[in-house]
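Asker: Chain Z is fixed; fit chain D onto it per the hints.
Number of protein chains: 2
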Amino acid sequence: MAFNIGLLGLGTVGTSTAEILLDTAGRNSLLKEINIKQVGVNSLDKPRKVEFPEGVMTTDLEEIVKDPEIDIVVELLGGLEPARSLILQAIANGKHIVTANKAVIARHGDEIYTAANKAGVYVLLEAAVGGGIPIIKPLKQSLGVNRIKRVVGIVNGTTNYILTEMSANGADFDDVLAEAQKLGYAEADPTADVDGWDAADKIAILAAIAFGDRIKREDISCEGIRKINATDISYADKLGFVIKLLAISQQSQPDSLEVRVHPTLVPKEHPLANINDVYNAILVEGEPLGQVMFFGPGAGGGATASAVVSDILNIAGILKSSGKTHKLDPLLGCSHQHYAALTPIKDIETRFYVRFLCKDVPGVIGYLGTCFGNHQVSLESVVQIGFQGELAEIVVVTHDVPEGNFRQALGEIKHLDAIDSIPSVIRVL
Amino acid sequence: MAFNIGLLGLGTVGTSTAEILLDTAGRNSLLKEINIKQVGVNSLDKPRKVEFPEGVMTTDLEEIVKDPEIDIVVELLGGLEPARSLILQAIANGKHIVTANKAVIARHGDEIYTAANKAGVYVLLEAAVGGGIPIIKPLKQSLGVNRIKRVVGIVNGTTNYILTEMSANGADFDDVLAEAQKLGYAEADPTADVDGWDAADKIAILAAIAFGDRIKREDISCEGIRKINATDISYADKLGFVIKLLAISQQSQPDSLEVRVHPTLVPKEHPLANINDVYNAILVEGEPLGQVMFFGPGAGGGATASAVVSDILNIAGILKSSGKTHKLDPLLGCSHQHYAALTPIKDIETRFYVRFLCKDVPGVIGYLGTCFGNHQVSLESVVQIGFQGELAEIVVVTHDVPEGNFRQALGEIKHLDAIDSIPSVIRVL
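Chains Z and D supply the protein sequences, listed in that same order.
Numbering-wise, the working numbering comes out as the position in the first sequence, counting from 1, plus 5.
Numbering-wise, the working numbering comes out as the position in the second sequence, counting from 1, plus 5.
Just chain Z, with the same shape it has in the complex (with noise of 0.2 Å):
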């Protein structure tokens, strides 16, 4: 029995799969009934790394998906259009479909699940998030059967090498973003990363995997890294912390649902905080299983190949067990009916480190923690931590409060006079 597989795109992932699947010795042996019938691009003339025989590349991507002959159609375009049309004509044509597109099933998700489940077809995806980590397949077949808590991932490859690298330097965002280009770690357009997009896409289809219902995309609260700096870095280090940009889903509430993107300090002594460089790690904490972490390297033509390839197998091995009249087994596919309740940010319940500059030390301290106070915001810490010039900078770490109640302390804070400014406001993991 083999699989006839098209593949859409052929750019770094495109290539290191077709690698994979070419060069199949020392590999799962189920990887020989795996044939690559085409290949999708844009151009024939482009050089390329591998070599496929005459007549499997083509440049009509809607002939692979209706071709009655292909199995699993492999998506590797990345964006919305054309890869949300072609995915929908690959389902009404009966064909499995595996992708590594975050962005198509964090925002089309609904619409691509409802037609798989009515065509029959699996769609896959580990390679979306966490690039080579398994983390899809453990949270569908092995994690469900605990009651899901909290999942909080370092995700997006990009801003972490970048914090990491202010982290050990001491050097500001852009100076470092500046290098991520340059080594090929950042986009020239780098908006989608550093501003949060990216991790919102995969704590999206992360958190409706682990808690059952559809996450409205546009509805995810998401703060991006541009405004954190070196001074914040290092007096976060100097108070016990590491700054990571989170992305962090949780049912604090029994119907309703946290789903967030934020910088975050991160206690040293967490798992968390020592993820570093372009490495993604995500923890899931269940009852009664506790807290599991799933770490590795979240990007890279080869560990996202790993997981698409990984996808294309299991399709292979279902199909090789069950014939291809199955029914889809409900622990792979995607039955969610609903959209979560997801909780407002003013409501949600975090610790909060805040950065004053303040005139008069001794004053202000006392004006903090009243109005604070009224507020029903309980603190940890208050710290006179540095100067900036004449003014005086001080540091505070609450508790946790709903952030609604802290936001309104910080409205009046402002106001008062012996404060010139309030240059941070971080969450506190």
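What the hints contain is simulated information worked out from the structure, not anything from laboratory work.
The reader is advised that the hints may include incorrect statements.
[To be verified] Non-contacting residues of chain Z with respect to chain D, defined by C-beta distances greater than 12 Å in every case (computed):
| hint | residue |
| --- | --- |
| 1 | 41 |
| 2 | 174 |
| 3 | 366 |
| 4 | 434 |
[Claimed, not checked] Dumping the calculated DSBU-like pairs for lysine-lysine here, alpha-carbon to alpha-carbon at most 30 Å:
| hint | chain 1 | residue 1 | chain 2 | residue 2 |
| --- | --- | --- | --- | --- |
| 5 | Z | 37 | D | 325 |
| 6 | Z | 187 | Z | 221 |
| 7 | D | 273 | Z | 325 |
| 8 | Z | 71 | Z | 325 |
| 9 | Z | 221 | Z | 232 |
| 10 | D | 123 | Z | 332 |
| 11 | Z | 71 | D | 325 |
| 12 | Z | 221 | Z | 325 |
| 13 | Z | 419 | Z | 232 |
| 14 | D | 351 | Z | 154 |
| 15 | D | 187 | D | 54 |
| 16 | D | 351 | D | 273 |
| 17 | D | 332 | Z | 325 |
| 18 | Z | 332 | D | 54 |
| 19 | Z | 54 | Z | 71 |
| 20 | Z | 123 | D | 325 |
| 21 | D | 123 | Z | 37 |
| 22 | D | 71 | Z | 325 |
| 23 | D | 37 | D | 54 |
| 24 | Z | 42 | Z | 154 |
Remember, predicted model here, so these are calculated numbers, not experimental data.
For each residue, glycine too, the CB sits at the ideal point set by N, CA and C.
Answerer: For chain D alone, kept in the frame of chain Z given last:
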């Protein structure tokens, strides 16, 4: 479609398994289709934390493995017999098997899997390694597309707890062991843990899955932590290492596999160096993936039950999708036919830490250098690090060398007049 399971054993893991199955709210909805038909125990009179309807509990374990209405037998007895016989009987009667029993799989896996393949049933064992950490299914389903180079793990929680405590408090082995026994982290007879046998069972299982060959359990080189002392932990710390009991499997030569368990100096910046207390972690290295690591609670009723129940659900999911007339999914079955050739310990290449007690420091460093050099053992560092009474302590760290050469050199060195004794030899990662 509902599935009947028969549970063999109602100890800590059995009880937690029943608790998950009997309280399904907030967990994967497929759990509602799993019915505990029979529970086999030694005594019906013992007080239990879970209650079953009249007639579910029985002391007749053979009745369970023969019951035509039972689809899946869940073996949580532990130990070799009667676990092995009951598993084989259940297989002969067409039952799928879920087990947490590393010992029976590591020693009788060949017999059990041969029978299971003949009968067309699954034998799943996620809980046998790493407690609640998903590692078996990710290795089978996600990582096998890579050429696996190395699997290395901290897979025994008891010894990791003991070593963590010894490191944190400068305490000696015997004292920490006694404390661990009091806390329930170590058994009254701690042999299987502290002598590395439990870790050897687990690396036998991981290596078989990762490298696709059967492993002869009795050929695994296995050394425990009884000889580790506060002095070496402190010197290792000064040199930038922590001491961990590692289970290692790697393909260093094309036709030969290293599988070994021993205390190891791990560089502090290595991901495994930060795994403390009773936690486990398994690091897998492959091409093109790179390194991924799985971290979590390696023991405990709830965590282990999470893995057991995930295996039950996986079988139920497959049966639901394919009906009961399926073939085995090649990614979840086990079709190893041959035993791996294991590299003799003298032929492995590794770094060594060795501590000498010497009478004459200036002279001895020359002797050591010459003697190691004569056996092609090159040295990374030689440090006169402390004193014990009138004797100087010299610590040598070698580069990667064949163990045989190193042992020959050491055999000569110990006869030198200037050497009083060689209290410690520990491998270095």
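Asker: Per the stated criterion, does the least C-beta distance between residue 366/Z and chain D lie above 12 Å, as a non-interface residue requires?
Answerer: 38 Å, holds
Asker: Measure nothing beyond the straight line between the CA atoms of residue 419/Z and residue 232/Z; if it is 30 Å or shorter, mark the hint as holding.
Answerer: It holds: about 19 Å lies between the C-alpha atoms, which stays within 30 Å.
Asker: With the threshold set at 30 Å, check whether the alpha-carbon distance from residue 123/D to residue 37/Z stays at or below it.
Answerer: 24 Å, holds
Asker: Checking one constraint from the list: CA of residue 187/Z to CA of residue 221/Z, max 30 Å. Satisfied?
Answerer: Violated, because 35 Å separates the two Cα atoms, which is more than 30 Å.
Asker: Would you check the hint for residue 54/Z and residue 71/Z, treating anything up to 30 Å between C-alpha atoms as holding?
Answerer: 27 Å, holds
Asker: Are the Cα positions of residue 71/Z and residue 325/Z separated by 30 Å at most?
Answerer: 22 Å, holds
Asker: Given the proposed pairing of residue 273/D with residue 325/Z, does the C-alpha separation stay at or below 30 Å?
Answerer: 45 Å, violated
Asker: Does residue 332/Z lie within 30 Å of residue 123/D when you go C-alpha to C-alpha?
Answerer: Holds, at roughly 25 Å.
Asker: Please confirm whether residue 41/Z is truly not at the interface, meaning its C-beta sits more than 12 Å away from all C-beta atoms of chain D.
Answerer: 14 Å, holds
Asker: Has the given pair, residue 37/Z with residue 325/D, been kept, meaning a C-alpha gap of at most 30 Å?
Answerer: 28 Å, holds
Asker: Check the hint pairing residue 71/Z with residue 325/D against an upper bound of 30 Å on the C-alpha distance.
Answerer: 29 Å, holds
Asker: Decide if the proposed pair is consistent with the structure: residue 351/D and residue 273/D, CA atoms, cutoff 30 Å inclusive.
Answerer: 27 Å, holds
Hint compliance for this structure: hints 6, 7, 12, 14, 18 and 24 are not met, and every other hint is.
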